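Undergrad: In case you want the letters, here they are:
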Amino acid sequence: MKEISILIGGKAGDGIRQAGQTVSTLLNRIGYRIFFYDDYPSLIRGGHNFSIIRASEKRIIAHKDSVDIIVALNKDTAEKHKSRLNAEGMILYDSKAVDTEGVGIDFMQIVKQLDGLPIMRNTAAIGALAKVLGIEWPVVERVMKDTIEKQVALNLNIAQLAYEKVGTSRFVIEKLDQKSLPLVSGNEAIALGAVRAGLNMYIAYPMTPASAILHYLAAHEDDLGVVTVHPESEIAVALMALGAAYAGARSMVGTSGGGFALMTEALSLAGQGEFPVVFIECQRPGPSTGVPTYTMQGDLSFVVHAGHGEFLKVVLAPGDAEEAFYLTGLAMNLAWKFHIPTFVLSDKHLSESIFSFAADPDKIKPEPPLIWDGQGKYKRYLDTQDGISPLAFPGDPAATVKVTSYEHDEYGITTEDPDQIARMQEKRLRKKEGLIDELAKNEQVKIYGNRESKTVLLCWGSTKGACIEVAEQLGLKVVQPLVLKPLPIDPLRQALSDADMIIGIEVNATGQLAKLLSGHGFGIDHMILRYDARPFTVDGLLDKVKEVIS
Amino acid sequence: MAIKDYLRERFFPHLWCSGCGHGIVLNSLLRALADLGMSKNEIVMVSGIGCSSRISGYVDFHTLHTIHGRALAFATGVKLSRPELNLLVPMGDGDALAIGGNHFIHAARRNIDLTAIVMNNRIYGMTGGQYSPLSGQGIMATTAPYSNIDYDFDTVELAKAAGATFVARSTTYHTQQMTKMFRQAILHEGFAMVEILSQCPTYFGRKNRAGSAIDMMESYKENTTPIGSKSKMENPDLIERGIFVQKEVPEYCNEYDKIIEKAMKGR
Ligand SMILES: Cc1ncc(C[n+]2csc(CCOP(=O)(O)OP(=O)(O)O)c2C)c(N)n1
Ligand code: SF4
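Residue numbers (our numbering), protein chains in the order written: chain A, 1 to 550; chain B, 1 to 267.
Just so you know, these hints were derived from the structure itself, not from any lab.
Treat the numbers as computed from the prediction; the structure is a model and nothing was measured.
Relax, there's no trap hidden among the hints.
Simulated pairs of lysine to aspartate or glutamate, DMTMM-like, Cα-Cα distance not exceeding 20 angstroms: (1) A:Lys365 with A:Asp223; (2) A:Lys58 with A:Asp539; (3) A:Lys337 with A:Glu443; (4) B:Lys207 with A:Glu221; (5) B:Lys40 with B:Glu9; (6) B:Lys207 with A:Glu149.
Model the full structure from these sequences, guided by the hints.
TA: Have a look at this one:
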């Protein structure tokens with residue numbers, strides 16, 4: 001067997017995500033490509049948690065509803081997910097907590113026998129699972145040594161005892177002859193992409209599912225060297241980032257929809273004052289507090305149209321960890337080249353899932369902005385042919401850097417003069433030409449599956465993973481725009497022109513990409529929408545697409 | 001009315017971690033309401049977002065579970081339109097004083113008749129242990145893995161300076177005192193702020209090696225003292241408990257009524 005899906009479930013607080021990550025690492029070490037999905041409620045304790053680890057010989061970026069193994073640490077897991085099991089599938093369960101069929105082991109008994117802590121029950125489960133999978137003990141031992149931080153010997157003993165208790169293996173997961181790749185979450189990829197593009201300062205107020213970017217950069221302040229700040233609110237966050245950019249620091253902010261709503265005032269200031277700032281918006285289901293720990297692609301229209309007044313911005317929508325890495329780097333460089341706010345639109349499903357990561361870090365370099373040459377009197381808003389005014393920063397003895405939220409002249413002095421106003425509006429908007437040329441140097445629309453097919457699955461962001469696999473199975477074509485503003489009209493036209501049927505696939509209730517495209521004359525024939533706060537799975541989407549095309 | 005009647009029991013067990021102080025605050029608050037013999041439909045509870053704010057889900061009053069930091073502004077709207085209602089506004093420390101800090105000082109300044117309860121665990125529980133404006137220097141948090149450099153607010157001093165007309169502090173160790181304070185705060189006409197030190201063993205406790213919930217509660221016993229006690233003079237680091245301000249100042253809704261009367265004179 002060259003592919004396997006494992007579901008691990010228990011109560012919130014049982015350490016399910018961590019157990020899932022260890023299992024991912026285990027399969028990663030023996031050459032498998034991993035996609036890791038984490039499903040947890042907005043509770044610190046109690047409630048039902050589960051992770052799905054899908055490991056395959058090929059690169060995968062989606063999970064399936066069906067699984068081969070369920071590891072049940074509580075009754076809920078067995079009951080809720082039993083129906084997912086494949087014909088050959090089995091349940092490995094805690095025999096104290098669950099009464100079902102499969103392999104039952106008293107994990108707590110093992111922990112107690114070795115004087116472990118209750119949380120180490122999941123270590124026992126991992127040990128038993130490794131044996132079920134037929135993974136050799138030395139591999140398990142090495143992975144545990146590398147991933148467990150505290151009480152390594154004790155954990156190892158617990159895992160080994162559970163490993164031995166299983167007896168015979170039920171699956172044979174062979175070691176693959178390919179190099180293992182780093183396992184990286186979408187949020188880590190965003191952080192790393194920004195760092196490669198010269199990020200100096202990350203400012204954020206905690207908000208799921210964006211918080212992990214802040215935690216990651218804060219924990220790596222020593223080796224990544226990014227200053228992180230957690231101020232009193234998202235209003236402060238956005239303004240601090242603008243201030244940092246004014247003073248020359250490459251700054252970035254990250255939040256979810258509710259937090260971004262508070263940043264829109266500063267966003268317009270970035271438009272008027274021409275501040276380069278990167279915004280990361282990790283969507284979760286709204287409106288308002290919504291469903292904090294689940295996923296939705298519901299903020300596309302909001303982000304694309306955010307901010308009062310008319311100004312230029314860029315919205316990029318990665319769908320996997322590599323794209324998150326590259327596009328965040330691009331967002332940073334574009335912000336500083338054109339002195340505009342740029343966006344990376346993620347969602348819970350991309351941000352918190354974990355991927356086998358194969359990006360080339362050398363593809364991102366910090367591109368230096370256009371700096372003032374020191375000649376004459378400095379004009380922050382010098383009216384140039386391409387609309388880009390050279391930068392100087394406060395502290396420069398030769399320049400006075402005046403910036404304002406009012407309309408202004410070239411020096412940054414407030415104006416109400418009609419000619420000046422019109423001229424400055426034009427200067428700012430003129431940057432769009434250069435921006436479009438610059439974007440055209442990058443891949444703006446991705447195509448997957450059968451390029452000749454006249455049936456297109458049109459998707460964006462994290463929905464691509466399920467779409468690609470469905471398209472491969474059914475011989476269809478996938479079109480995924482990476483740039484959502486300014487919309488890459490020509491590449492989209494090329495990708496969609498000879499389609500007979502375009503099926504829009506989105507995780508929202510109204511089909512926001514479809515709406516955006518229809519405003520530009522693209523007709524979408526069918527929509528497959530999911531808005532129960534869960535992402536599409538490969539098998540779930542397959543059935544839906546079959547219904548539409550049959 | 002029996003305490004149980006104030007609860008929505010079908011939502012139990014509650015979602016707070018075992019040992020969390022927030023449940024103790026709920027308990028004392030319900031006792032205070034029972035002591036006052038308040039009927040359920042004269043109470044409106046408005047909360048924000050956070051572990052603390054989940055309190056509104058467990059009580060059987062009219063409740064508004066609003067958005068992070070905005071509960072006081074929301075409650076002000078309710079009170080202005082129905083001044084006869086009793087408004088209870090429980091908030092986390094982040095909720096009340098980080099994102100909601102502006103609303104906090106302005107509600108206090110207006111002296112509008114609300115009971116604001118700051119459930120201070122010195123950390124963000126709900127989102128995973130980030131520091132709050134009440135954490136203080138040297139505290140370990142998810143967003144301060146090398147220890148926090150931010151100074152903290154003194155909630156009591158802040159409320160006083162902003163004009164609150166009832167200001168009190170207690171802890172989850174001192175439940176009798178807490179209950180009594182809630183009673184007085186609810187009866188007080190004007191903006192009442194009660195700060196309760198409430199332990200978060202899961203994040204604050206673990207990150208700061210503060211021990212179990214019981215250890216943390218014992219530290220409330222050891223590190224606090226009644227206002228003006230002798231031990232405070234000997235050990236200025238002790239945190240004072242009790243009622244710091246209790247004064248009669250015309251209340252906002254009443255003042256508004258007077259203005260209306262004045263404006264409508266003769267009509
Ligand atoms: C605008 C906005 N930003 C961020 C969040 C995420 N968030 C929810 S609760 C919370 C902080 C909770 O801490 P606190 O108020 O101290 O209450 P506790 O959970 O500790 O009781 C945060 C940051 C949000 N819901 N809305
Ligand atoms: S995380 Fe902290 S504040 Fe939240 S329920 Fe648990 S102990 Fe209470």
